[in-house]
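Chemist: Can you build the whole structure from these sequences, using the hints too?
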Amino acid sequence: MKKKNELLYFALRNTKLRIGMAVLLFFLLLMIIGPHLTPYKPADFVGPSSAPPSKEFWFGTTTFGEDVFTQFVYGLAPTFLVGIVGGVIGTLLGMLIGFVAGYRGGAVDEVLNILTNVVLTIPVLALLLVLVAYIPVRGVLIEAVFIGLTSWPWAARAIRSQTFSLRTRDFVGLAKMSGMSSMKIIFTEIAPNMASYLFMTFILMFGNSILNAATLDFLGLGPTEGVSMGTMMNLAVQWSALMLGVWWWFIPPGIAITCIVGSLYVMNVGLDEVFNPKLREM
Amino acid sequence: MLKIEDITKTYKTGTFGGKDLKAVKNVSFDIHDGEIVSLIGESGSGKSTIGKMILRLISTTSGKIYFNDKDVSLLKDSELKEYYRHVQGVFQDPFSTYNPIFKADRIFSVLHEEFFPHIPASEWKGRVDTALKSVGMNPAHVLNKFPHQLSGGQLQRFLIARALLLDTKFLVADEIISMLDASTRIDVLNLLSDLRSKGLSVLFITHDLSLGYYISERAVILYKGSVVEIGETKKIFDNPVHPYTRMLMSCVPRLDKKWQDVEVELTEKKPMTANGCVFYERCHSEYKLDECAHQSPALVEVEPNHSVACVCCKG
Amino acid sequence: MKRYFGRKLLIYALTFFIAVTINWMIPRFMPGNPVDIMISRAGLRGSAVTQMYSYYMDAFGLDQPIWKQYLNFWIAIFHGDLGTSIFLFPTPVIQVIKDALPYDVALLLPSILLSWFAGNKFGALAARNKNLDNTLLPIGYILTAVPYMWLGILLAWVFCIVIRIFPLGGGYDFSMQPSYTWDFYWSLFNHWVLPFLSLFIVQFGGWAIGMRNLIIYELEADYSHFLEALGAPRKLIRNYAYNNAILPQVTGVALQIGVIVTGALATEVVFAYPGIGYLILQAIHNQDYFLLQGCFLFVVIGVLIANFVVDIAYILIDPRTRAGMTGGAE
Amino acid sequence: MSLKIENLTIYYQTIAGNVRALEDASFSLADGEIMGVAGESGCGKSTLSNSLIYLHAPMKYIRGRVFLDGEELPIHDTQKMNPFRYKKISVIPQYAMNAMNPTKKIGRMVEDLLKSRGENYKEILPEVKNRLELVKLSPDVLNMYPFELSGGMKQRMVMVISTLLDPSLLLADEVTSALDVSSQKAVAEMLVGFRDKKIVKSIMLITHDISILYQTANTIMVMYAGQLAEKASTETIIKAPRHPYTKLLISSLPTVGVRISENRLAGIPGNPPLLLNPPTGCRFRDRCPVAFAKCAEVPPFVEIEKGHFLACWKEGKAHA
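Chains as they are written, first to last, in UniProt numbering: chain A, 1 to 282; chain B, 1 to 315; chain C, 1 to 330; chain D, 1 to 320.
Don't read these hints as lab results, they were simulated from the structure. Treat the hints with caution; some may be incorrect.
Cut-off 27 angstroms, straight-line C-alpha distance, at most; resulting in silico cross-link-like pairs (DSSO-like, lysine-lysine) [to be verified]:
(1) B:Lys103 to A:Lys184
(2) B:Lys145 to A:Lys176
(3) B:Lys235 to A:Lys176
(4) B:Lys103 to B:Lys81
(5) B:Lys258 to D:Lys239
(6) D:Lys105 to D:Lys80
(7) B:Lys25 to B:Lys12
(8) B:Lys235 to B:Lys258
(9) B:Lys125 to A:Lys184
(10) C:Lys121 to D:Lys105
(11) D:Lys294 to D:Lys314
(12) B:Lys125 to B:Lys169
(13) D:Lys4 to C:Lys235
(14) C:Lys130 to D:Lys4
(15) D:Lys115 to D:Lys129
(16) A:Lys184 to B:Lys145
(17) B:Lys224 to B:Lys235
(18) C:Lys235 to D:Lys314
(19) D:Lys104 to C:Lys8
(20) A:Lys176 to B:Lys234
(21) D:Lys60 to D:Lys4
(22) A:Lys184 to B:Lys235
(23) B:Lys3 to B:Lys234
(24) B:Lys258 to A:Lys176
(25) B:Lys145 to B:Lys224
(26) B:Lys257 to A:Lys184
(27) B:Lys198 to B:Lys3
(28) B:Lys103 to B:Lys76
(29) C:Lys235 to D:Lys294
(30) D:Lys80 to C:Lys235
(31) B:Lys169 to B:Lys76
Interface residues of chain B toward chain A, partial, derived using beta-carbon atoms under 10 angstroms [said to hold, decoys possible]:
(32) Gly89
(33) Gln92
(34) Asp93
(35) Thr97
(36) Asn99
(37) Val110
(38) Lys198
(39) Gly199
(40) Leu289
For each residue, glycine too, the CB sits at the ideal point set by N, CA and C.
Modeler: Structure below.
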């Protein structure tokens, strides 16, 4: 009990964690209440072309007269969705492969290790580009799944090495001598020991999925329907928002991604400090 | 009770095979009912490997281990579980034997779940209390605590109590007191000895000669995976024959004799020759022969219940 | 070390094999006839269609057994035959890519090397230095979280539109013909600066933070404490820590290379910089799958070469791998 | 008088409060003396050693003074302490196996270290080679990386490095614990050799293994739960200890020649107290068979016979 309280104490006292949490919560809140703050839909042509931010159009309008703020708040949801789904799939795959490779060892490990290294070496986003380009109708979910399916290797590698070292710990031997099955040992003895690490892995995956999705969207390979931060930037660049000086079109989505991903990274460091006493500044 | 026949463990080093590392080489010995046998060796002697092979935590490369005449390596699922009902182990580092995120007494509930699911919780609790008391602990003081809230000695007793809850006949005790504080370690040792008188057999693995001497009837001296001397503890200690055993005896720090009184030449550990005597490179024995370099000597009985693997006692 | 290398080469060979296989599989395992889809989306008319149609039917060899198709695909690759581009018909894909490649090298090589050196130096400086650390860390985290293309957009907007210092779009001024003149070089340089900068800045943040964390870890290592106990000056201890922290950073290049390359692709799109990234965008817009796949293949090859170079570098600088141990760069 | 320590008190800072790891330690160490510091884990022996040479967070200096060869050591001031480190006082750390930079050749590291302390490596090199010979290492090790050495070799290499500048006091923290029986003896004898050759004036040998101390030390200081319990000549501590803790401790140690069937040893009941909030007075009193009311006060560490110091109300009084 003492240990948990200590973690909580450090977690609450950790500035990085606090800042990261606050920023993340802000955007989550905006995602939820944002659509209620605007009377428009993202694809509605509601105002003059390329109007700068004003009382009526908080973030201005696009070249076509769509409300940027509306697009922005509606675009947050797919961004978070991609992050969470991609992060969950990536983390789960990484766990599965990492646990099995690390716990089984031997030939299984060898094969999985090579697989991991191969997928790690393939430039994932380039692969996604080719893959996604062939799919005529794309949804956010498909995008997230693809990202998740290709982003597990580094997590698998890290989880494998941790499992590998935990496997030789005597408590695993004791569990075996208590007649526990391998699966039970992995999930009740090994995984809980890495809980903090797994959580941090998920957070990083979350952030990376958002970044990857933004790049795909920006290249015009995002969801064929709807808006996201990436598609906003894509359209802005495509319709010469740069040349025309319509900065309010491409600045907000970039800020949102940077803030969300940045807050996730900062939270990750904060968590690392909480979990790892060596990094705590005394 | 337990019979080890010619077991060998070879590790493949490197990813694609490559070099072989023989951690244990053709070791044979047996342990009788109610007997404590010490397995004595320095680091790299393969003593823990042997213990883990008995516990089926690692596989044997060749050779057989028999428990009550059953080949241990052939045990599958339910048979293996049955085996663990009778054969258990306690390891060196008490803090590593407990999952740090769970309470220490979880080891008992796991046992309940896996081995005695039909026993009602209240009866099980009674059994745990009895077991704890029989290893000299007050259940009220030690239950419901995290491993870091208990001392090393308490944790090791927990593990012994755990073995008692099962119908343990044979215990592998791998350096179980080397990480305990001096003032508490002797009690754990005494406890083992007391359990022996109730019929438990123990393989007591240690690097500390004095502990082996203190507790065991018989001893096996291991060097680089090979048995160099085996027999009654008292005979080995009073009359060490193998040059390695003699060197060990002279190096062990004692409280009754100073090192200056027993002088023996020391050499570095060196890589051994491919198939000669394991101790060849370090041997200073007057009996050392050229043939030692490529012929490993077999165990020869020098007196009843005392065998040595050295050319010096061949004829 | 032989085994270490053998293992690495196996992985590279396998990666290449798998990448090529995926490349072969994607169009064939998508629903419909790939050639039909391709031609219909390319939006061509008249005699060009029949000409192209027969060319692509031939190139795909769909009438042959599947294993033969696969084999032919490999044979073609080893002959450097990646098909013919659609939107630049009839230029061979390999030629299109060859023309774009120098621009990528010019962007990637300097940005990776310079940001790596500068980031490491700066990160080392910031570690255990309260003031620097407090400024570096937030900035570093923000930088690593910035999408490459967005930083590109920002830079382009500020420097090309708001304070017109640099030109926007293309690899050189459209009014110029490529020539070996200073004017032309100057134009190349001007168009290069911003894409380079945006790549440099994002990577810089990552390296700096990585180095800072590694140094702190090394300063807590036993050997550092031993030196401190023996009264060695801070400078020596930090030097040692730096030299050891560099090692994982070298491996980091290999791990990051894929991300950097894709970052470069996005950046090229922003600046309409005529590298492979821009080609990919063109290929996507024009449904030019041969070109798209050719680009992918080249990206894979580039990443593999970079990985190989990093491996060699690692062996040269880490005595442990040099002496035959397989520590470190795994 | 080589080392003199007065009321040294060191705490560890944790979020739960101060862990009182070393409380009012006062003792001295003579020239040429090898003093063993014995005690169970957490008794403060390593804190004592660490604080003398490199006192850093989370260790916190509370009070006390340290004199080495008549000069006061500014142990609480990391910067001011630097000139003394290595030259006057040096350490073979507990982590000797990892004490060398893994990616530098050993010779190069020694050179860097010596240069940084203003010494001329070239001039010292012959002596380095002499010392290597003393510990039975070939001079070739200077051209090797630490990972090419075995554990025992690393240990001896660190021994050579630590003592190159002939420090007055050498702190040796658990130098034999990680070694095999045979290397243990070799290393312990080499340490004694260093003292005999006057490479170091005196040694504080910190270990949990009392039998090693019996073989090497001139005097033994026993610590318990952050307090000094007893200090006397080795023979006295082993053969005729006075402190109840020392008595029980010594009598609980098995040694070759003692068998359970003939001579059943007994441990000390109970556990050491937590130092976050230790009991007042003598910290052994909960486990002590002879404790009485007076033990609620801290017993002074006083000399009851020449060279025999003791902190116990009962025993101290009986012989006062």
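Chemist: Against each hint, give a clear statement of whether it holds in the structure.
Modeler: Hint check:
no., hint, verdict
1, B:Lys103 to A:Lys184, "holds (18 angstroms)"
2, B:Lys145 to A:Lys176, "holds (23 angstroms)"
3, B:Lys235 to A:Lys176, "violated (37 angstroms)"
4, B:Lys103 to B:Lys81, "holds (24 angstroms)"
5, B:Lys258 to D:Lys239, "holds (14 angstroms)"
6, D:Lys105 to D:Lys80, "violated (30 angstroms)"
7, B:Lys25 to B:Lys12, "holds (15 angstroms)"
8, B:Lys235 to B:Lys258, "holds (22 angstroms)"
9, B:Lys125 to A:Lys184, "holds (24 angstroms)"
10, C:Lys121 to D:Lys105, "holds (24 angstroms)"
11, D:Lys294 to D:Lys314, "holds (9 angstroms)"
12, B:Lys125 to B:Lys169, "holds (22 angstroms)"
13, D:Lys4 to C:Lys235, "violated (32 angstroms)"
14, C:Lys130 to D:Lys4, "violated (37 angstroms)"
15, D:Lys115 to D:Lys129, "holds (17 angstroms)"
16, A:Lys184 to B:Lys145, "holds (23 angstroms)"
17, B:Lys224 to B:Lys235, "holds (22 angstroms)"
18, C:Lys235 to D:Lys314, "violated (54 angstroms)"
19, D:Lys104 to C:Lys8, "holds (26 angstroms)"
20, A:Lys176 to B:Lys234, "violated (36 angstroms)"
21, D:Lys60 to D:Lys4, "holds (20 angstroms)"
22, A:Lys184 to B:Lys235, "violated (47 angstroms)"
23, B:Lys3 to B:Lys234, "holds (22 angstroms)"
24, B:Lys258 to A:Lys176, "violated (45 angstroms)"
25, B:Lys145 to B:Lys224, "violated (40 angstroms)"
26, B:Lys257 to A:Lys184, "violated (52 angstroms)"
27, B:Lys198 to B:Lys3, "holds (21 angstroms)"
28, B:Lys103 to B:Lys76, "violated (30 angstroms)"
29, C:Lys235 to D:Lys294, "violated (54 angstroms)"
30, D:Lys80 to C:Lys235, "holds (17 angstroms)"
31, B:Lys169 to B:Lys76, "holds (20 angstroms)"
32, Gly89, "holds (6 angstroms)"
33, Gln92, "holds (8 angstroms)"
34, Asp93, "holds (6 angstroms)"
35, Thr97, "holds (4 angstroms)"
36, Asn99, "holds (5 angstroms)"
37, Val110, "holds (5 angstroms)"
38, Lys198, "violated (21 angstroms)"
39, Gly199, "violated (20 angstroms)"
40, Leu289, "violated (41 angstroms)"
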